[in-house]
Each structure stands twice: as structure tokens, then as C-alpha cells.
Amino acid sequence: MMQPCGDALVERTGEQSELDLLRAENARLVEANHEAFNYIRCKVDSLLGVIGTRGLDPGELDDHSLIEFDPIGIVALTFQHILENLQETNQKLQFAHDEIQTVFETVGAGIMVLDPQGKLISYNQKIRDLMLGDGIDIHGKMCRDHVCGKNSDDSRCAFASVMENRREQRFTDWNFNDRSFDVIGRPMFDEVGKITHVILAYHDVTARRDARSALLAALEETKETNAKINGILRSAADGILVTDAGGDVVLINRRAEELLELPLVEPDSTPRIERIRHAGLVNLLRQAPQRGQETFSEDLNFHLEGHSPCLCQARITVIRSAQDAFNGCITLLHDVTEQRAIDRMKDEFVSTAAHELRTPLATIIGYADLLQMDNNFSPEQRAEYLQQIQNKAERLGEIVSDLLDISRIESGEGVKLNRKPNQLEKLCAEVVKNFRLQAPGHSFELDFPPSSVATVNVDRYAMLQILENLLNNAVKYSPAGGKIRISGQLENGCCLLAISDQGIGMTSEQAVRVYDKFYRADATNTAISGTGLGMTIVKHLVEAHSGQVEVTSSPGNGTTVTITLPLATGQSGTGEPS
Amino acid sequence: MKTIEIDIRGQICPSCLLLVLREVNQRHRELMDGNLCLVILTDNRAATGTIPDAVNNMGIAAAVEKLAGYYRIIIQGQHD
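Chains as they are written, first to last, in the numbering used here: chain A, 1 to 578; chain B, 1 to 80.
Next up, chain B with everything else stripped away, as it sits in the complex (with noise of 0.2 Å):
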């Protein structure tokens, strides 16, 4: 599977949540299909809320890691 990482640390909401979307909404079928992990590495804590419920809605799954000092954020796959 092929895995894309994306560093908008230093960037708030919601020109990260944009970003994001930006980001799913091109590769919205090889995301829904498995085919792409997409990592999206955040420092803006509003955003560990505002991009999973969105790409949710999108029918992707969205999992949130903290880490040290910033947080991980693992799209793929689809949400049940």
C-alpha cells in the first residue's frame, strides 16, 4: 500500500482541515479502496477533531495518534 504523509504542523484550523480535504477529495477512491494510506502530522489540537469527523462523512476511517509534541493523524481504509 502506498503511504503519503502530509506535515501542516505549524498550521491552524481550519486552512488544515482544508488541506486535508484538499488531499482526500483527490484521492478519495484509492483511499476508499485501500489502496493509500494517507499520514497527516498536526500540531493544532482542533484539527485532531475536525478532520477525522469530516473525512468520517466521507465514508474513510481516520485514526488519531498523539505523539510527542504533535499528534498523527492515519486516513485509510473505509468507515464502518
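Just chain A, same shape as in the assembly (with noise of 0.2 Å):
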């Protein structure tokens, strides 16, 4: 309730009554009250007008009501909360700001904050090191005067590339300063949608752009290597086969494609071990895990189609992990047709040689035997067995004379020859004369024409050697009776001496194999005896001379053995000395 304060009193006047003086004074209080009614209405309505809201209608509350309620005190209490919440919240902003600062300055990352125009607000300590260096401050600067347009040779920009899609960017590999960096740029707002900022965070990625580079060369250089190792396991002659322990084919080359009729290198497949055309291997290598044995072989025979029959040996090695489990299988395939057939020639060498030494040993044995054992001989008796001792005696000579000729050819040391002029016809006369002593069942003809009568340049002992081995092996597969032909021609500046007979004869594959080592082209037939060296020297005797041997036969129809011989120095090769 409103009280009536002293400016309320009015002064007596003379006429006036008691009655009249207080009706003054009722108005003056009610006039008073009403002016501080409407004070606190429009102070009240002042702080409502703060808070957002109308003014206060006196018909919703009435004075009386108004003093009761106390509208003033609330908004006053209301903003002492609002006050409040406004410090607090400004301490939350602080801390924040104090948080992004501290982010700002210590992240990984260069960041950098520019206007609209590109003008730089702010940027943090990382951009300094990376890109600015002690004491320059571009604050309020263009960036590109002093970023992108001065020190990078990259002509994307960031700013201008957010500025223009309103959204965020990203580049990768920007460079800078030979620095390399991953940018991304972000577009601020105002309530309006218009770009107040845009920050520009630059990553440096020059590491990871070098170990990229390193690993790239590496990766090159890796596979420049897997290249030539494949080339070479690719190109190795041997058969190489690695498979893992699931079954599958890891690695072939292309002997063992051949070998195991594999289509391997099938485009996106691999291949596996029971695609193998063999079951010899197949078995074996299944086999491996369980045999206890790290490395083990076997000879396996493979028979591909439009190729002869081949012998290989699989030699399979066992891989194990550092803890003993199976991890597959590498498996070679090495041919050894050739070194088997080797080895039989030789076993059947080393058959023949006991042979061919036994027989005139015993020989030699039992003439001697004979005469320690009777002194009854007659003279002629004891210079007969005599005889044969020298006779088998001299063949030992020669098997083992054979052996030495071999051995020195094969080590290398090839054939030291004396050579000099020599006429063919007289060397074929002096060995056919011993011939005819020796095999006097087979008839032996010389046929030299005056016009074959020539000079070559050979070693003597070598050509008689050369015509003993051919004349023997005549006699050797020639029946008795059979004739044996030796002519001379010359032809294009050369001797041909050929040798035939009307022997057994060879097929083609035998006669090819002939000047093999060991090679005996009928080995079952232990009567004839021999150590299936003497082609090999002919040949190695005749190149040495710089000359041809050349082998026709067929099965039944003999044997024509050719030699063809440069002429000497000074002969037309016409039959006429030029």
C-alpha cells in the first residue's frame, strides 16, 4: 500500500474548511500515487522490453496486484541469473579458445586461417617451420604472394578452390619448397551462408612420399629380379618344380611344362599337383612328408608325345618351417638318358674289356703254362706257342693303347700329331698286307685309279692306326669269304678313302650312335669281340686332320665307311700334281 509522503500536505488557506483542506489533500495523494504507479509500470516495462517481451497491460494486473507481485524484483533476480550463466558460459569460451589454441599451435599439422580475400588472419607455429622460417610475419597478407606463388611449383590452390565449390578440398602431393604435402581446405560460415574464413590445413607428407619412392624402386627392383631369376629358372635346363604343402604348383619352369604335359601358367589359376601327367611323381611327392627323408631321388621315365621316350631323375628336396612342419617340395628333373645310356655302355664296357683281356690272357696263360710244364716241344712247337704269346701278348698292347688314346682325347689333351707327306694307296697297301696275313678267309681289293694317287699331310702311325680300326671292324662283321673294298678319288681338293664290306650292316640309329664312346652297335653278340672305342678315335683321329668320316650302312647290305682328307699344299686334287 502507497503511504502518503509530506508533498502530499496542503497548506491552509483562509476560507477554506477542514473538509475541503483534506479533499485537497486526497487529491494531491491520489495524483502521487498514480505518478509512481506509472514509474514502476514503465520501469517494469523497460526490463520486459530487455527479456524480449511486451510491456505489462494494466488490465492483466492491477496496481495493487503490482506491488504484490513484484515484477521488478524477478526480472532483477532474472538477470542476476542471466548474469550468471553469461560469466560461466564466457569461462567455458575461454577454456575452449585456450583448448583451441593450444591444438592450433602444437597439432602435426600446418594450419593456416585467411579471409575471403585470401588475406592471412592467422596461421600457427608449424607453418613457420614449413613454410616461412625465423621472423617473417605475413600476417594480413596475401597468401598467395607469399605460399603458393612464391615457393611451390604446384599451380593447384586450396583457398581458390574452396572459395569457388563453397565446400571442403582436399589435395594430395601438394608441393612446396621440394616438400610434398596432403592440403585440406574448409569453408566457415555466417548465419547467412556467406564464407567468413577458410582454414587451410597442410600435413607433410615428404616421408611417406620418399619411403613411397624407396618402395616403388625397391618394388621395380624386385621385380626386375623376380624377372631374371624366372628367366633363369625359366630357361634353367633342368625341370624345376616347387610345390607347397596344400598340394598347389608354386613355381614350374618351362623343362618341367614340357616334362609333366602341364598347361601351367593358366591365366588367375594354380595349377595342382594332381594335374601332373605322372604318376610316378605324383606319387612321390605325396609320398614326401611321410619318408623321414630330406632329399631323395628316383628315376622316372617320361614318354611325351612326338618326342623319344626320356629318362629324368626326380631328385625332391623337403621343405620344412623353422619348426619342423612340411611346407611343400622343390623337385629337380634332371635328363639322364644320355648318362644312363653312358653308364650301360660303360657296365657293358667294363663286360667286354674283362672279355677282350681275359681271352688272350688265358691265351697267354696257358701257352705259358704248357711249356714250363712239358720240356718234350719240338722247336717249331715251342716258337709256334711262342708266337702266340707275342701275337695276344701285342693285343693286350693295343687294348690298352685303345684306353690310353681315349683317355688322352677325353681329358683334353687331344691327339699330338707328326704330320708329314704321305701317300694314302701305299699306308691302305702296308696295313691291307698285314691284313691279309691276319684274316686270310676275307679277300681284301684295292682300288686306287692313277688319277686318286694324291699326297696328304697326316701323321704315319695315325693313318695306319685309322686304317687298322676300319679294316677291323670289316673284318670283325663281315662273314668269311666276304669281300672287303678299299678305294681312293679325289674330289674338290680332297681324298675320299673308302672302306667297305659285305658285312651285317647297321640300321640308321645305329650308325649314328656309332662314334659314341663304348658304342657297340650289336653288344649281344659276345662273339665278336671289342670296346667300342675304335670309331671314336677314327673320328677324333680324322678331325684332327682336319678331316670328314662319314658312315652308310644298312641291316644285310655292309658297311661303306668314307674318310674325306684335305689334300697336301700344292695338290690339285685332280689326280695330277699341279
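Hints in this document: simulated from the structure, not taken from any laboratory. Zero decoy hints are in this set.
Computed footprint of chain B on chain A, listed as stretches where at least three residues anywhere in the stretch have a Cβ under 8 Å from a Cβ of chain B:
| id | region |
| --- | --- |
| 1 | 49-59 |
| 2 | 67-75 |
So these bits of chain A aren't anywhere near chain B, every CB distance computed over 12 Å:
| id | residue |
| --- | --- |
| 3 | 132 |
| 4 | 177 |
| 5 | 178 |
| 6 | 193 |
| 7 | 195 |
| 8 | 205 |
| 9 | 247 |
| 10 | 289 |
| 11 | 311 |
| 12 | 483 |
Sample of chain B residues at the chain A side, in silico, Cβ under 7 Å:
| id | residue |
| --- | --- |
| 13 | 13 |
| 14 | 15 |
| 15 | 18 |
| 16 | 21 |
| 17 | 22 |
| 18 | 28 |
| 19 | 54 |
| 20 | 57 |
| 21 | 58 |
| 22 | 59 |
Quick reminder that beta carbons are idealized off the backbone N, C-alpha and C, glycines included.
Both chains are given apart, each in its own frame, so use the hints to dock them into the complex.
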């Protein structure tokens, strides 16, 4: 309730009655109260306007209720709470600002804040370290003048791109001062969608770039090395096959592909051992983990379509992990066809040589025993027996000579020749003379027309050995009574010497192999003696004279061996001396 | 949590705002601490703007739900 104040007292005038005085004072009080309420309402309306609402309608709250309700007190307390809340919010904002500033300065990336014109508002320490250097301040300056346009040879501008697209932009491998950065640009908008700032973050990826380059170089080098290794493996003469514990073929070279008839290197497929068309090898690979041997080998026959059968040694090595777990197998397929054939021939040779050595030895021992046990032989008989001993001893000497010759040739020592002009006709006649005595059952025909008479530069003893070996074969492989013809002719500056027999002959396959060491075309016929070295020695000796040997033969039709030797210097090759 | 419902339907702003502010002033701490939920029922549309704005400025959350013929303003917890 409003109380009367001093201003409401009215001074009495002479004519005024007491009642008039009271009435005047009351009017004054009512007016004063009315002014006070208006003042309060005016202040309340002002305060309500501050908090965003309209003024107080007097019909809504009468004067009495206005005093009771105390809106000024309510609004004042509300303001106090709002102020407290603002202080608290400011503290939070300050903390957040400090937090952001700390992150801004310590984050691994360089960060720049630009205004919409590209002017630098702020940047962090990382930007100073990476792009500016000590003592350079570019606050308020245009970014393009100090960053993009100055030291970067990269035409991409993250700021321009953000301004143009109005959304986040990312550039990878942006180059600046020989360094590489991943750049993220992001716009910041005001409440009406206008760009107020552009934030650019530069993440230094130079180390990553260098590492990637090094990795790519290493990868390239690995590829090259791999290609080289593959090239070596693929072109290796032996078949190479690597399988893993699961039965997949992880590596195979060309030779193994051929041998195993595996359509390998199919794109996008890993061949498995089941597809290897060789049951023997597949079995070996399957048994490998259980065999208890780290390496084992077995000879396997391969019959390839369109090829001669071949024999390969499959050498299998088991791969095990550090924990001894089975990891697969490495298989080498080495073609041993020839080696095994040589082994066989050597075996045959040992058998043959033993036979060859034993036969004359038996004769020598027999005659020697005979001469020791009985002294009653006539001088003629003793002379004959001694002659037999000498013949057989000479035969032994020949066999040993053959062996020494082939050993010398094989060791690469070659043949030492003492070449001198010789007439082939005379050398042939000399050898044939001896053979006529040694093989009286055969007839020997010498056919050297006058036009064939020529001089060749040969080692006399080597030539005699050639002729003896060839005539020996002709005698051995032709029946008694057979004719052996030795003929000569000149052709194209060479002397051609042919030795023909009417013997058992050879197939073309046998004829091809006749020069192989220890090879004997008909090894089953033990009645025919020989070491299988004669033709090998012939070929070497003829070739040492720059000549050639050719064998023509067919089963049942005899054999002709033709030797071609160059004429001595000054010979015309037509049979007439030049 | 305690809930107090104040029905000020029939009253118009600003008196309904002043009524709510008086209640919020008196129970400010409880509201900030989340121990009290003040539910205001009003049919004055202007109040659905002025009341949430004022209490938000005081740091208290407010949500408005429209019901059949009136509004429910839920005042509780801290405003983010």
C-alpha cells in the first residue's frame, strides 16, 4: 500500500474548510500514487523489453497486484541468473579458446586461417617451421604472394578451390619447397551462409612420399630381380617344380612344363599336383612328407608325345619350417637319358674289356703253362707257342693303347700329330698286307686308279691306326669269304678313302651312334670282340687332320666308311700334281 | 526427480512469463542440478517463445510440446 508523503500536505488558506483541506490533500495523494504506479509500470515495461517481451497491460495486473507481485524483483533476480550464466559461459568459451589455441599451435599439421580475400588472419608454428622460417611475419598479407606463388611449383590453390566450390577440398601431394603436403581446405560460414574464413591444413607427407618412392624403386628392383630369377629358372635345362604343403604348384619352369605336360601358367589359376600327368612323380610328391628323408631321388621315365622317351632323375627336397612343419617340395628333373646310356655302355665296356683282356690272357697263360710243364716240345712247336704268346700280348697292348688314346682325347689333351706328306695308297697297301695274313678268310681289294694318287699331310702312325681300326671292324662284322674293298678318289681338293664290307651292316639309328664311346652296335653278340672305342678314336684322329668321317650302312647290306682328308699344299685334287 | 506442474492457461504475456520466471528464480539451483522438472501448461502462443528464451539465457534447458489446445513447456537441466 502506498503511504502519504510530505508533498501531499496542503497548506490551509483562510476560506478553506477542514473538509476542503482534506479533499485537496487526498487529491494530491491520489495523483502522487498514480505517478508512482506509472513510474513502476514504466520501469517494469523497460525491463520486460530487455528480455524480449511486451509491456505489462494494466488490465492484466492492477496496481495492488503490481506491488504484491514485484515484477521488478523478479526481473532483477532473473537478470542476476542470466549474468551468472553468461559468466559461466564466458569461462567455458575462454577455456575452449585456450584449448583450441593449444591444439592450433601443437598439432602436427600446419594451419592457416584466411579471410575471403585470401588475406592471412592467423597461422600456427608449424606453418612458420615448414613454409616461412624465422622472423618472417605474413599476418594480414595475401597468401598467394607468400605461399602458393612464391615457392610452390604446384598450380593447385586450395583456397581458390574452397572459395569456388564452397565446401571442403582435399589435395594430395601438393608441392612446396621440395616438400609434399596433403592439404585440406574448409570454409566457415556466417548465419546467412556467407564464407567468413577459410581454414587450410597442411600435413607434411614428404617422408611418406620419399618412403613411397623408395618402396616403388625397391618394388621395381624386386620385379626385375624376380624377372631375372624367373628367366633363369624358366630357361634352366633341368625341370624345376616347387609345390606347397597344400598341393599347389607354386613355381614351375618351362622344362618341367614340357616334361609334365601340364598346361601351366594359366591366367588366374594355380595348378595342383593332381594335374601332373605322371603318376610316379605325383606319388613321390604325396609320399614326401612321410618318407623321413629330406632329399631323395628316383629315375622316372617320361614318354612325351612327338618326342623320344627320356629318363629323368627326379630329385626331391622337402621344405620344412623352423618348427619342422612340412611346407612343400622342390623337385629337380634332370635328364639322365644319355648319362644312363653311358653308364650302361660303361658297364658293357667293363664286361667287354674284361672279356677282351681275359681272352688273350688266357691264351698267354695257357701257352706259358704248357711250356713250363713240358720240355718235350719240338723247337717248331715252342716257336709257335711263343709266337701265340707274343700275338696275344700285342693284342693286350692294342687294347691298352686304345684305352690310353681315348683317355687322352677325353681329358682334352688331344692328339699330337707329326704330319708329313704321305701317299694314302701306300699306307693302305701296308695295312692290307698285314690283314691278309691276319684274316686269310677275307679278300681285300685295293682300288686306287692313277687319277686318285695324291699326297696328304698326315701323321703316319695315326693314319695306320685309323686304317687298322676300320679294317678290323670290316673283318669282324663281315662273314668269312666276304670281300673288303679299299678305294680312293680325289674330289674338290680332297682325297676320299672308302672302306666297304659285305657284312651285317647297321640300322640308321645304330649308324648315328657308332662314334659314341663304348658303343657297340650289336653288343649282344659276344662272339665279336671289341671295346667300342675304335670308331670314336677314328673320328677324333680324322678330325685332328681337318677331315671328316661318314658311315653309310643298312642291315644285311654291309657298311661303307668314307674318310675325307684335305690334300697336301700344292696338290690339285684332280689326281695330277700341280 | 521431482516434478512441479504449473497451469497458467488463460493468462497472457508478460504476466505468464513473470510467473514462470518467479518460479525458476526460486528453484534455480534445483533446476540447474537436474533435481527438479518444471512443467508449464499455457495456451498463450507468445509464451512458447519468451519463456524458453528467458530460461535458456539463465542456463536452463526448455522444450515445448504442442498438445490439444495448449502447450506444455518442460523446464529442466542445464542448457548447452
